[in-house]
Each structure stands twice: as C-alpha cells, then as structure tokens.
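S.K.: Sequence:
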Amino acid sequence: MSSTNPAENFWTAWSPRALALLRIVTGLIYLQEGTAKILHWPHVAKFDSVQIYSLLGFAGILDIVGALLLIVGLFTRWTAFILSGEMAFAYFMVFQPRGLFPVQNGGNDTVLLCFILLYLFFAGGGAYALDNLRGNTGRDRIKASSERRLGSAEDVPANE
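The numbers in the working numbering rise by one with no breaks, and the one at position 82 of the sequence shown is 82.
Honestly, the hints are just simulated from the structure, not real lab data. You can take every hint at face value.
Label pairs and their calculated CB-CB ranges:
| # | residue 1 | residue 2 | range |
| --- | --- | --- | --- |
| 1 | 28 | 94 | 18 to 24 Å |
| 2 | 12 | 44 | 39 to 45 Å |
| 3 | 100 | 134 | 39 to 45 Å |
| 4 | 32 | 5 | 35 to 41 Å |
| 5 | 43 | 13 | 39 to 45 Å |
| 6 | 46 | 12 | 42 to 48 Å |
| 7 | 93 | 130 | 30 to 36 Å |
| 8 | 101 | 21 | 28 to 34 Å |
| 9 | 12 | 93 | 38 to 44 Å |
Each residue gets a CB set at the ideal place from its N, CA and C atoms; glycine is no exception.
Taking the hints into account, I'd like the entire structure generated from these sequences.
M.R.: If you want it as structure tokens, here you go:
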C-alpha cells in the first residue's frame, strides 16, 4: 500500500539506503580500529605494543573480521550484536573507571558505537547487504514459525 504523501514515500524509499550507509560507515570506522591495533596502520601510538595474543589483540582481530562483515552486510545482525558487546565491555573496562559519565571519562565514541551497533542488530543491514541475497532472514523465519504455531494475524478475530 503506497501513501499519497510524497514526503512519506521519500522517507520510506530512502530508509534502507540510509541504514546501509550507517552500516558501511560503522564498518569502515571499525576497520580502522582493527588495522591500527593489528597491522599498525594507520599508526596510533597507543597500539604500538599490542600483541596478537592479548585482549587488545583479540579485540583487533574481532574489529577487522566484524568490520568486513558489516561492510559487505553479511551476518549483519549477529556481527553487530557481538561488536556491540565488545564496545560495552571496552567501555566498562577502560572508560567507566575513569569517571561516571562518558563526557568525563572519554568514552563518548565507545558508547555511541555500542548503541549504533545495537540498533543494527535490531534493524538489520538495510539495502545493498549480502544478507538480502541469503533469502529467508531470521526475522522471516521467526514470523513464519510463529504463524505456523499460532496462525497468521489475519486469522485472529477482532475484539468485539
């Protein structure tokens, strides 16, 4: 059903593309973090002594693999969920002990990335994601499963 409101049609048409842009840019930011930790490019002085078999090294590997998956939009929801958890862990391990509020402890970017990733977990990858080629996504499987058990929404009588 199409709306007659042109503005609503515009937002509806462009929302998946904007979501894809958010996913791709988030992935590119993550890729920088991972390559800085593991490959030391771009150079970030605080990552000079990162060992691959350390917590920060593991985070760097997770950043690179997760970033690549986000950029191409493959397993977007679960990748975003895992990376969101990584950001929450990083916030409470590194930033929160320095102060109560993110503005005090320097954790603004970490909190923002955590919640962007949490949003991607719920919203999916949007347009131009390889997930779209995989066919029946998790949301579709859950909906189909619940309709088999409970019947479709159209089968439920309206309240009288």
